[in-house]
Every structure is written in structure tokens, then in C-alpha cells.
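Build the full structure now, drawing on both the sequences and the hints.
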Amino acid sequence: MTIAVAMSGGVDSSTVAAMLKREGHDLVGLTMQLWNQRRLAGKDGMPEQVQGRCCSIDDVYDARRVAEMLSIPYYVVNHQERFERDVIRPFVDEYLSGRTPIPCSLCNNHLKFDQLLLTARQIGAERIATGHYARNEYDSQRGRWILKRPADAGKDQTYFLFGLTQEQLARTLFPLGGFTKPEVRELATGYGLALANKPDSQEICFIPGGDYKRFIDAYLEEQGETVPDTAGELVSAGGLPRGRHEGVHNFTVGQRKGLGLASPSPLYVISIDRDRKRVTIGAEQELMRDALRAQRLNWISIARLEDEMRARVKIRHRHEPAWATLRPIGADEVEVRFDEAVRAVTPGQAAVFYAGDEVIGGGWIA
Amino acid sequence: MRPFLLEQFGNASSIHQEGQHARSAVEQARASVARLLGCRPAEIVFTGGGTESDNLAVFGSVRPGDHVITSAVEHHAVLHAVERLGERGVEVEFLPVNGDGVVAAEDVRRALRPNTRLISVMMANNETGVLQPVEEIGRIAGEAGVRFHVDAVQAAGKLGINVDSIGCHLLSISGHKMHGPQGTGALFVRRGTRLEPLSAGGAHERQRRAGTENVAGIVGLGQAAECVMRSGTQERMRGLRDRLELGLLQHAGGVNGGGAPRVANTSNVWFDGVDGEALVIALDLKGLAVSSGAACSSGASEPSHVLQAMGLSPDRARSSLRFSLHRQTTEEEIDRAIELVSSQVARLRELSAVTR
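Protein chains in written order, with the working numbering: chain A, 8 to 373; chain B, 4 to 359.
If you are wondering where the hints come from, they were derived from the structure by calculation, not from laboratory data. Backbone N, C-alpha and C fix where the C-beta goes; we use that ideal spot for every residue, glycine too. Don't take every hint at face value.
Label-pair distances were calculated between CB atoms; the ranges are [claimed, not checked]: (1) B:G276 / A:S78: 32 to 42 angstroms; (2) B:G186 / A:G217: 36 to 46 angstroms; (3) B:S168 / A:K50: 43 to 53 angstroms; (4) A:G199 / B:H24: 37 to 47 angstroms; (5) A:T9 / B:D245: 28 to 38 angstroms; (6) A:R29 / B:D287: 23 to 33 angstroms.
So, in C-alpha cells, the structure goes:
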């Protein structure tokens, strides 16, 4: 059986390749070319120089060197059109509609575990292996593939993987699921990988410098579109005008900085109303919510939610899952009622449901 | 080449005897290349490859205010050079091609302007093998008194080339496209054609290419030219190419550029409904080296500008593969290739039917 390793040129996926090679598997290394960093470079405040980011020539070079060292065939596949259609464009549109997108989940759903898996199968590989920190296993009693949190809780990436289908989980290997990051670096050193100490990637891969507002401006300019005018009022919860803002895409629920207001006590973005171009601001306690609705669901450990169910729910990547009761509404929506109110429920982010270490499923916060 | 890599390191521009020995080897190679192209040795400038030859011809000929005519299916070495000139205040015109990828010579005539400085049209296309009417264009250029550059990188070694019957002033060739070493090339520069060098620093190559000569590479290029002149016609390769196409056409949508005259070694085949990039990799893993489109800096393939200029849809461009034959290709290899491609294409079609 041939396994295609998704290689980014980073420590994790390189270690996966070396590990599987040691185990004697037949491997093909694949790197997805997803975005041309040069496209927007130098435009409207975007950095002139792009370096060390995903899809950069440097990372492809690193991945290629690892493949050479391991003597495995290696190819770069061009999935830029799909990435732009299924990740970049929705990312921009979500912000413009006053929501806060998660491009990594979109990339997992559409590129890594869909397009790349298809490419892998096209070239004759039956499985793909990635450097994600997660675990998957088949539970014969339930007859389902299960997604579980990894050994390294601090690197847990299951929040971004809630969209995986049974078919995708069945064809995917997460060889790092049982290791901690320091252990992986040690393994990498042991395998003789020169990049064992390469820093982790942090920001959104296609936004060098992390300034997503400038990215949106530059992208729309390149597309010959103008940023829609969503400038409007900053208001208090009671609707009292508190100031002006320059566009809803500049805000995320829970945001404190950049409101442009002087106030004796800290102010936060409470909610964003794209249609009325209003951004509601208020004190931190106004951010607390005891319920949310999640839509466009994907279930992993169960086929579907029939009745109410207890679960711990994570509403953003860095959020300690909170106890809640799930209640189905119609075919593709769930109401999540928390035992104790949670801070900053953010439309556009995912709500992912856990039973212990298992991912039950998840959906997008409405 | 070997003595100049392992034993003899004389600089061809030096006065000492080692240098003179290298110089004589370089001049022998120059004479060989000149015979291949039907020109005088003094009209050959050695370069670092086809791209450099093209660049030298384009950048060395044109100044701001000039007008340049080229075609939409040129190699990037010409296309991107001309595009860069366009950004620097040169008027540039990219002529369209017909469905088979052929430029109409009459379009060249119509595009002429009083300030037209250069016409650059390739002899054979590198992706499809399609031949351009360079002799007709040469006549038009001659009548108008305009400089004519021919990128013959893909044609050299496969077709007889005579710079006088083409009527060109500049003509590029590359070593590795005719079994010579990589990183070697030459530019024919007709006597009396003024050319601004790309590099400054020395009087090498009659002040047209500063830099110490790559003696071993040049000797290899000269040998490649000799081999080409000895090896005669392309009929055997053409027969194999036709056999390949006949076999592939049972599973393919068509041959891109198949309606036009082509060089004997290139075949660009459209496999409808198949992801060309995946097919290239699947075939490579089975030991068959083919290509699709052009490679970008990361090594991923990009949709072919040539096929798109021929009016083919992006889907068709993405589903097209280029097969290249060489002198040593055998009938058995062709039959094995047909078998391999057929089975992989069938597998990919089945897979896309399942996953759609």
C-alpha cells in the first residue's frame, strides 16, 4: 500500500515522512502549492518580502530536501485555484459579512482531506498521512471512525478537523497523535532531519505579517473590486451611539483593541450587525452567552444527533471545552446550551463537541 | 568534453599555450555549430543556454520607443523578456495563433509599424512541436528592413536549419535539446547586426557575451552539432511518434496542434476528463517521464499558455500531456508507453467517476 505524505517543509510533516519510511512503507511526498505569496506582495501596505511562510520557495526546498534524504518520490501539486475558491474567497467574504472565519478548517475540509486525498488516490496512493496532532481509530462496535485528541493537549488540532468525513478518516494517518511536540523534535533530530529546530508556523499561512485587514484590501484591489462600504456606528447594548467605525470587517467579537474610543473601563466588541453596519460595544460581562446555534454540521462518533446530548463544547481554538447540552433543531442545526455562560461566542468560528477525548462532531456558529 | 573537465584548465582567453589549446577547441566547436546553421563561425556567439540566447536577442536589440512583434505561443524566455520590455516603455505586440497554434505570416505584415525594431517568432513550439512559417516571416521582415529573431531551440537537431533560407538576423539554439550538455547554447548573429551585450566585463565572444568561456560545455555543444549533422533524417522518430499517437488516440480526446506541420519528436495529447498533473505523477511513478504545462518556481505545473493561446479551454489545457521522443527511443518503449498511459487514464477516469 502506498501512502502519500502531505509535506509542508515543517518539522511535523517531515518527521511523519521519516517515521513512515523507517516503518518500511511505500511513500510519495506531496506538497500543495496553494497560494502565490508574491501575488499581493508590496500592494497597499502588504510586505514587499515574503519569507518562511507556507508555500514559499523556502518551504518547498526544505520538503524536497527531506524527500531526497529519505529517497522517496516527491512532487509539488498545484491546487491554487481550488484554494482561492474554497478558502481565500470565503475568508474574505466572511469578514466582510461581519463574521470571523477559520481558514485552517476550510483548508482541511476542501484541500488537505479532499483535494489532496483525491490527488493521492489518482497517483496510486490509498492513504494520506499528515503531521496534524490528532488521533483516529476505527471502533468496530459502533462501526465508525473516531477522531480523538492527541497526547499533546497543547498542540491539539482536532478543533480544525471536525469536518472530516468517515471516508476521509478511514484514509488518513496521523502518526504524531501519540507524541508531544518536544518528542517530535527529538525524533526529528534522531532521524537526522536538518530542520528539527525550525520554528513552528503561527499565523494564517497566506497572510504574512498577520494583518488580515490589509490582506482583504489588497486582495479585493487585485480582483478589481472595491471594499464594500460597511462603515457605521459604534453603539452600546442599548443602542446609544458611541462613535464611528470604518467597516465591520475590522472587528471580531471580544476584540478590545482598535475601537478608537476613550473609556474609563475596558470596552469590547459585543456583536456585529452587517446589515445595519453596526458594531455593538460594551463591558466584558456583556460578552457572556449561555447558548449558541451551530449549523452545517458534521458528525463523527455518531451518525446524527437524535435527542438531547451532554457534551463539552469548544467555541474557538484556544478555548477550554465547556459543559453544555446539545439539542437538535431540524436536520442541520443544533442548539448548544452551556451550563455556565461562555465568553465571546463568535459567528463564523466552529463549535466542536467532545465526549472525553473523542470528537462527537461540530458545526459553524451562526 | 572530458579532457576539459578533468585535465586541461586553460582559459580560452589567455595568452599561454594551455589557453591557446582551449581556444582552438572552442573555435572548432564554433565551426561545427556554424555548419549546422549554415552561417560563418564569426556569426556564432556561445551562451549559457537557450534562455540566454533568447534574452540576448531581445534585450540586445530593442530600445525604449521601439516596437516589437512576437507571438502568444513563444517560450517564456522570449515572452517574459518582451513583457519586461513592455513595462519599460517599449511597444509590444503578441500575435494570436490559430487553433493549431500557427501564426499567420500576414498578421506579422499587418502588425509592422515604422518603429518596429524586432520580430521574434519561434521555429518549432516546445509544447506542441508545431512549426511556424518562419521563412515567410523572414521574407516579410527582409522587405520591411526589420530585424528578425528565430527561437530555434526546439527545432535544432530535429530539422535542417539554414539561416539564409529563413532570412533571419538572430537565431537561438540550446545544447541540451540536441543531446548536448545542459547550460550551453548559442546565438547566431548575422554580420552587421548590432547587439547590446547583457553582461559587462570582458571582450569575450566579440564583445557580445562577457565572461570566461565554458570550454567543456562549448566543446560538447560542438560535438552535439556534429552528431546531428551525421544522423540524417527524422523519419524513424516520426514513425514512432505516429505509432504513439495512434495508440493513445483510442483513449484520448485528440492531439493538440495535430492539424499543423510539426517536428517529429513532440506530441501534445488531450485526455478528456483526466487531471493532467495527476497523470504526469502517476506515470512518473511507473517510470514514464512526460510533462504537462510549464513548471512554476516551486515545481508545480501551471496551465499552459500555449494551449490557451490556441483557444483551448482551461480544462482541456489541464488535461493535456506532452510526450517527447528522442533518437534512442525504441518501438518497444513506445508500445509500453501506450499500454501504461492507457491503463492509468482508464484508472483515473474510473476514480473520478467514483469520487464525483
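Hints versus structure:
At roughly 34 angstroms, the beta carbons of G276 of chain B and S78 of chain A sit within the given window of 32 to 42 angstroms. A hinted range of 36 to 46 angstroms holds for the C-beta pair G186 of chain B and G217 of chain A, which are about 41 angstroms apart. At roughly 49 angstroms, the beta-carbon separation of S168 of chain B and K50 of chain A lies within the given 43 to 53 angstroms, and the hint holds. Remark: the range hint 37 to 47 angstroms for G199 of chain A to H24 of chain B is upheld by a beta-carbon distance near 46 angstroms.
The hinted window of 28 to 38 angstroms between T9 of chain A and D245 of chain B holds, with their beta carbons roughly 35 angstroms apart. Our hint of 23 to 33 angstroms for R29 of chain A and D287 of chain B holds, since their Cβ atoms are close to 24 angstroms apart.
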